[in-house]
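**Student:** Could you put the whole structure together from the sequences, leaning on the hints where they help?
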Amino acid sequence: MMRWLVLALLALFIGSLAIGDGLVDLPDGVILLQIRLPRSVLALMVGGGLGLSGAVLQGALRNPLADPALLGITGTAGLGAIIAFYWGLAQHFAPALPMGGLVGAGIGVACLLAFAGRAPSGPSLILAGIAVSAIAGALIALALGLAPNPFALAEITFWLLGGLQDRSLQHVAIAAPPILLGAAVLLGTGPGLDALSLGEDAAASLGLAPSRTLRRAAFGVALASGASAAVAGGIGFVGLVVPHILRPIIGERPGALLMGSMLVGAALLVLADMLVRLAPLVLPLSQPLPLGILTALLGAPFMVAIARKAAA
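Sequence positions in the sequence shown follow our numbering and run 1 to 312.
Worth flagging that the hints you see were computed from the coordinates, not collected in a lab. Take these hints with a grain of salt, some might be off.
[What the hints assert, rightly or not] Quick list of the computed label-pair ranges, beta carbon to beta carbon:
#1 205 - 153: 50 to 56 Å
#2 305 - 176: 30 to 36 Å
#3 209 - 173: 31 to 37 Å
#4 205 - 92: 53 to 59 Å
Just so it is clear, the structure is predicted and the values come from calculations on it, not from any experiment. Quick reminder that beta carbons are idealized off the backbone N, C-alpha and C, glycines included.
**Tutor:** Here it is as structure tokens:
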């Protein structure tokens, strides 16, 4: 895992040297501290939070296809950000966008836990997440359909595709507390996840309350993935792919995957963001390549390879 952390730091350092058009007149210190550093720190936090969330969900639900979007919190965070767009708050106060996303994520958590019941099981949590995701998706589609002008529609759509450009230290300050708190909660679920891997009945016979572990997992995932979506938009496949990368190396025990998934997720997103920065050098792009599109392009073939291996 140390080599992944070193690789992430190296990618952060290399990315800070790629100075785009319009930035050449700025002092190097301004470029590093106010433009490159916030973006790289957010990539580390968001990637780590998504990778850890995916590992916890796959262990808690005993479903190798589970990822943070399954609970619908990403959708409600996006909806909150869109409302900030509609009210014009983001135009006058830049942090209003991630703050709106955090409020949306909080509402999504409340709905998820209310729908799942006081003693949620794995299936009830999945069904509740599908319901929250469907409601958020419908409201987002309605908002896009009622966009006041094509410029607002384009801005909302581009944000939903995910990205870390134009982020500042304010975004880091807004996202860091919920992501770090969520990570702390999720890292503490390891023993419970190991017990749940035997089945809910077996876990209960060992003295574990499965519903309590599931609530902690849902709460931690909601904090980490909701804050990530609030500052970075929709970035998929990180939480889904990272645990599959590590299982052949670390093994199938859910608790053993947590720390590694956080580190590899952080490294993966930093590297993906570095590719996004370098893309205009090789592709005729009129605007930055959305980070969410790149992670999907990288993640989808990987999942196809896993599916073919499982079918063999």
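**Student:** Next, verify each hint and record whether it holds.
**Tutor:** The hints, checked one at a time:
| no. | hint | in the structure |
| --- | --- | --- |
| 1 | 205 - 153: 50 to 56 Å | holds, 54 Å |
| 2 | 305 - 176: 30 to 36 Å | holds, 34 Å |
| 3 | 209 - 173: 31 to 37 Å | holds, 35 Å |
| 4 | 205 - 92: 53 to 59 Å | holds, 57 Å |
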